[in-house]
Amino acid sequence: MKYYILVGEASGDLHGANLMKALLKEDPKADIRFWGGDLMQEVGGTLVKHYKERAFMGFVEVLMNLRKILGMISFCKKDIAQFNPDVIIFIDNSGFNLRIAKWAKRQGFRTNYYISPQVWASRAGRVKDIKRDIDQMFVILPFEKEFYKKHGYNVRFVGHPLIDGIAGREQVSIEKFRKEHNLGHKEVIALLPGSRKQEITKMLSVMLSLVDNFPKYQFVVAGAPSQSYEFYKEIIRDANVKFINNKTYDLLSISHAALVASGTATLETALFKVPQVVCYKGSNISYQIAKRIITLKYISLVNLIMDREVVKELIQNDFTKENLQYELTRILESEHRQKLFLSYFDLEQKLGGKGASEKTAKLIVAGLKK
Numbered sequence: 058m059k060y061y062i063l064v065g066e067a068s069g070d071l072h073g074a075n076l077m078k079a080l081l082k083e084d085p086k087a088d089i090r091f092w093g094g095d096l097m098q099e100v101g102g103t104l105v106k107h108y109k110e111r112a113f114m115g116f117v118e119v120l121m122n123l124r125k126i127l128g129m130i131s132f133c134k135k136d137i138a139q140f141n142p143d144v145i146i147f148i149d150n151s152g153f154n155l156r157i158a159k160w161a162k163r164q165g166f167r168t169n170y171y172i173s174p175q176v177w178a179s180r181a182g183r184v185k186d187i188k189r190d191i192d193q194m195f196v197i198l199p200f201e202k203e204f205y206k207k208h209g210y211n212v213r214f215v216g217h218p219l220i221d222g223i224a225g226r227e228q229v230s231i232e233k234f235r236k237e238h239n240l241g242h243k244e245v246i247a248l249l250p251g252s253r254k255q256e257i258t259k260m261l262s263v264m265l266s267l268v269d270n271f272p273k274y275q276f277v278v279a280g281a282p283s284q285s286y287e288f289y290k291e292i293i294r295d296a297n298v299k300f301i302n303n304k305t306y307d308l309l310s311i312s313h314a315a316l317v318a319s320g321t322a323t324l325e326t327a328l329f330k331v332p333q334v335v336c337y338k339g340s341n342i343s344y345q346i347a348k349r350i351i352t353l354k355y356i357s358l359v360n361l362i363m364d365r366e367v368v369k370e371l372i373q374n375d376f377t378k379e380n381l382q383y384e385l386t387r388i389l390e391s392e393h394r395q396k397l398f399l400s401y402f403d404l405e406q407k408l409g410g411k412g413a414s415e416k417t418a419k420l421i422v423a424g425l426k427k
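Going by this note's numbering, 207 is the number at position 150 of the sequence shown; the sequence numbering is gapless.
Any given hint could be a false lead.
Said to hold, decoys possible - Straight-line Cα separation of at most 25 Å, PhoX-like style, residue types lysine-lysine; simulated pairs:
hint : residue 1 : residue 2
1    : 82        : 426
2    : 426       : 59
3    : 59        : 106
4    : 396       : 407
5    : 125       : 106
6    : 185       : 159
7    : 407       : 426
8    : 162       : 354
9    : 426       : 86
10   : 109       : 134
11   : 78        : 416
12   : 109       : 86
13   : 159       : 59
14   : 426       : 78
15   : 427       : 86
16   : 106       : 159
17   : 233       : 304
18   : 106       : 426
19   : 106       : 86
20   : 106       : 254
21   : 290       : 273
22   : 162       : 134
23   : 243       : 254
24   : 354       : 330
25   : 202       : 59
26   : 407       : 427
27   : 202       : 109
28   : 207       : 162
29   : 159       : 202
30   : 273       : 354
31   : 427       : 78
Everything labelled a hint here was simulated from the structure, so no lab data went into it.
Using the sequences and the accompanying hints, generate a full structural model.
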């Protein structure tokens, strides 16, 4: 069969790569063409465009790059038509993917969606379009199945692929990793400021402002694969701060605490059982728009899944040096840490077991055989 996969960011690249591996087990002769990243490219198939080419964050940034985005949408439609796949698989990235899905369905292509757009967070009216344009939806968060059911749409809960990604990673030697990156013997505080330039610029400098207040700890910046060290170097400018690129899981596996940009990384940090403070700061215009359309009590996946505040969220104007220092001090205290560990255990149980990628691949291939 011929598969066309559309991914728009680093986390999607990880899940897309694992899905591709699972598809190739189910269909060894699969012809896969995709928009993704380095991890998907390592699996095989044909990379059409790298997600780095369209990493735009926030309403203002999207508007500023609208002509480029519209050009990519047009190119994508032509590429799909020429490839003529048996199925198009959309992974997250709703702004781009739902536009392609609307067109694809009208052209008669089979459409599958893995990792639902966050319609439960804002603009729930989009469910009507999803029901019209998507043949099968595979969701990874337990509350999503019930959400869609209320809107009269039957979806499949397959579990969360991060569990597989973390369980399947090669275990790192703590001593070897510390020595390789010159980390010494201090407890590590990991800084995960996101993967896009806009969010890193706005958040990393505030995170780094705490370094002198916690001399007993080693601060380490987790570099995103989509950004160069030169970009980070302009912000870090501190010999006491280490930088480790594209090894976030290894870094989390040895970390004592973490300051984390809102997104998939908050869930990854929780699954590694690392106490964290969740951070978010965007452009003021983008934030004001988002505040008016997002209907959630929380922004971090950890709190959303648990439906209560497990980890502290410092959002926009609350994201200050003073607040961050107070919350970091709290997660370094043993009593608070113990409560977090217990909540993290409950979180993992809610996410279901291993095998999300395999379950999804089986359902996709089975759907093609009908």
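Tested hints:
For the suggested pair residue 82 and residue 426, the alpha carbons sit about 16 Å apart, so the restraint of at most 25 Å is met. Between residue 426 and residue 59 the alpha-carbon distance is near 13 Å, which keeps this suggested pair within the 25 Å criterion. With a C-alpha separation of about 18 Å, the suggested pairing of residue 59 with residue 106 holds against the 25 Å cut-off. Only pairs whose Cα atoms come within 25 Å are accepted, and residue 396 paired with residue 407 is accepted, the gap being roughly 17 Å.
Proximity of residue 125 to residue 106 is assessed by CA-CA distance (about 13 Å); at most 25 Å being required, the pair is judged to hold. With a C-alpha separation of about 11 Å, the suggested pair residue 185 and residue 159 falls inside the 25 Å cut-off, and the hint holds. A distance of roughly 32 Å separates the Cα atoms of residue 407 and residue 426; the hinted pair therefore is violated under the 25 Å criterion. With a C-alpha separation of about 34 Å, the suggested pairing of residue 162 with residue 354 is violated against the 25 Å cut-off.
About 15 Å separates the Cα atoms of residue 426 and residue 86, which keeps this hinted pair within 25 Å; it holds. Proposed proximity of residue 109 and residue 134 is supported: the alpha carbons are some 19 Å apart, at most 25 Å. Taking the CA atoms of residue 78 and residue 416, the gap is near 12 Å; set against the 25 Å cutoff, the hint holds. The straight-line distance between the Cα atoms of residue 109 and residue 86 is roughly 29 Å, outside the 25 Å bound, and the hint therefore fails.
As the CA atoms of residue 159 and residue 59 are separated by approximately 20 Å, the hinted pair is consistent with the 25 Å bound. The suggested pairing of residue 426 with residue 78 holds, with an alpha-carbon distance near 19 Å, which does not exceed 25 Å. Taken as a hint, the residue 427 and residue 86 pair is honoured in the structure, with Cα atoms around 19 Å apart against an allowance of 25 Å. Taking the CA atoms of residue 106 and residue 159, the gap is about 20 Å. The hint holds against a cut of 25 Å.
For a cut-off of 25 Å, the pair hint linking residue 233 to residue 304 stands: about 14 Å separates their Cα positions. As the CA atoms of residue 106 and residue 426 are separated by approximately 29 Å, the hinted pair breaks the 25 Å bound. With a C-alpha separation of about 22 Å, the suggested pairing of residue 106 with residue 86 holds against the 25 Å cut-off. A hinted pair counts as satisfied when its Cα atoms are at most 25 Å apart, and residue 106 with residue 254 qualifies at roughly 19 Å.
This hinted pair checks out: residue 290 and residue 273 have alpha carbons roughly 23 Å apart, not beyond 25 Å. Between residue 162 and residue 134 the alpha-carbon distance is near 12 Å, which keeps this suggested pair within the 25 Å criterion. The hinted pair formed by residue 243 and residue 254 fails the criterion: a straight-line CA distance of about 29 Å is larger than 25 Å. A threshold of 25 Å between alpha carbons decides the hint, and for residue 354 with residue 330 the separation of about 23 Å falls inside it, so the pair holds.
Distance check on the hinted pair: residue 202 and residue 59 sit about 28 Å apart at the alpha-carbon level, beyond 25 Å; violated. For the suggested pair residue 407 and residue 427, the alpha carbons sit about 32 Å apart, so the restraint of at most 25 Å is broken. Proposed proximity of residue 202 and residue 109 is contradicted: the alpha carbons are some 31 Å apart, above 25 Å. With a C-alpha separation of about 24 Å, the suggested pair residue 207 and residue 162 falls inside the 25 Å cut-off, and the hint holds.
Proximity of residue 159 to residue 202 is assessed by CA-CA distance (about 22 Å); at most 25 Å being required, the pair is judged to hold. For the proposed pair residue 273 and residue 354, the alpha carbon gap of about 35 Å is over 25 Å, so the pair is violated. Using a Cα cut-off of 25 Å, the hinted pair residue 427 and residue 78 holds, with the two alpha carbons roughly 22 Å apart.
In the structure shown, a violation is registered for the earlier hints numbered 7, 8, 12, 18, 23, 25, 26, 27 and 30, in ascending order.
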